[in-house]
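Protein sequences, first through last, are from chains A and B. Going by this note's numbering, the first residue of the first sequence is number 3, and it counts up by one from there. Going by this note's numbering, the first residue of the second sequence is number 4, and it counts up by one from there.
If you're looking for bench data, these hints aren't it; they were derived computationally from the structure. These numbers were taken from a predicted model, which means no experiment stands behind them. Glycine included, C-beta positions come from ideal geometry on N, C-alpha and C. Errors might be hidden in some of the hints.
Claimed, not checked - With the Cβ distance kept under 7 Å, some of the chain B side facing chain A (calculated, not the full set):
no., residue
1, Phe-238
2, Pro-240
3, Lys-241
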Amino acid sequence: MADKSNRPQLIVDGKRLDGRGFNQLRPLKIEASVLKNADGSAYLEWGNNKVLAAVYGPKEAMPKHVQDPAKAIIKCKYSMAPFSSMGEHSRSGPNRRAIEISKVTREAFESVTMLHDYPASEIDIFIEILQSDGGTRAAGITAAAVAMASAGIHMKDLIYAVSFGKVGEDLILDLNMIEDNYSDCDMPTAVSPRNNDLVLLQMDGSLTREQLHNGLQMVLDAGKTISQIQKEALQRVYEGSENGNGV
Amino acid sequence: MEGFDVVKISYVKELLLKNAREDGRKMMGFRPIKLVTNVIDHAEGSAQVDLGATRVLAAVKLQVEETMEDTPNQGNLMVSSELLPLAHAEFESGPPSPESIELSRVVDRGIRAAETVDLPGLFIEEGKAWTVFIDLYVLNYNGNLFDASMMAAMAALASAKMPKYDSEKKEGIYTERTEPLKINRLAASTTFAKVDKTILLDPNIHEENAASARITIANDGNVVRAMQKGLGGSFSPKEIESLVDVSLSKYDELKRIIEQAAGK
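Start from the sequences and build out the full structure, keeping to the hints where you can.
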């Protein structure tokens, strides 16, 4: 969180800087199966975020000592391109933030993937943030879920992710970069819509008991829209292949 | 995990069916907490906690550094953790593991979000401010490093003394430490594990091994300050809300332990 003393006014006349209402998502577009070599992939644009996700596997887990004879392991790499943010060129390679995001993303997918269907295997998830504008881990997970499904990996559910936060006492959904930098709270979540269980949850800032309750409700409501866009992206791939021009 | 650990997992699960834990605790009870401060004289603040058989040493060092470009009017905070190979048979030396990075970042966010350290107060002069380094040394791992580390960090901060500032050399005078480090408010961390359908507080190592999901909730007695879900399981919104209630209800007890250890 940046220094709040020079915080720009994030909410004017009940609207956010980009004109959105408090519980309004940024425009979200997903295209499934965009990469030829990957077993599954997706390209996502969410506001100014541009994200590519690819899945390789299931394949034999390597090196051999990481194999689990009973089930598959998931490897996940979230990475921000050095040119992805407004401002300076950043150093390439994983920093501590990226390592943590890779870990919690992997855990989110472990909770819905039917790992026991693939003994001794690994499933690799690669998330590349090509352009970032806040909420990239949520964008990455939402894209990776579509990539996992398009790879035909057995899953109990198609998870989605979105963050909510707080400016003053106002709860807002799907924070962009400037809101994220100056908000009083940021809470990225990933949800399994089948039962609304939280498969990823992080938060820092300040949040009362009631704000937490209301924020989670905002997430679940918006999730219906996100889920729908994910499913439509997958449907388009299969409709296309019937016409003989599929990927 | 060795064969013994696998046996312990089924033991933990069998006991939970009878609503019991291996050390006789209630589901929402902490292990015995022993917290002492000033264990490292050379550090500006330090504390060692024994949470059951989990032992973490936290040390605070203060150092004059250049201010950061994006925060020119305040000091900085750096939290690092070491899962030392001497703390557990499965900990190895080498670059920090994702687990170690997660631990230090969750503790960092708890301290930052609760504004425990008065960062603007650490500004010294144009271009110079104190940086607070918190090192978390895990000495013995027996489950729930999050709460142990947060407690040790809070006690180390609450007992830390500021070095004087040498305005000529632009560095700290470490032989002259009198003023206490200013603390705005203490945060308390509570970590829960879900084993099958049961949720319990402060999991020991066997309960952690048996858990499908874990959640850490840090609060300041009034509001939630930081949360982190871990492992490959999930929590329902209802479960999270009721755990927030438990977390808030534990604040006074944890705060008293930290203040007592820090001599406040």
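Hint by hint, here is what the structure shows:
Here the hint on B/Phe-238 is kept, as its CB sits about 5 Å from the closest CB of chain A, short of 7 Å. At its closest, the beta carbon of B/Pro-240 sits 4 Å from a beta carbon of chain A; the interface hint therefore holds under the 7 Å criterion. Because the beta carbon of B/Lys-241 sits about 9 Å from the nearest beta carbon in chain A, more than 7 Å, this interface hint is broken.
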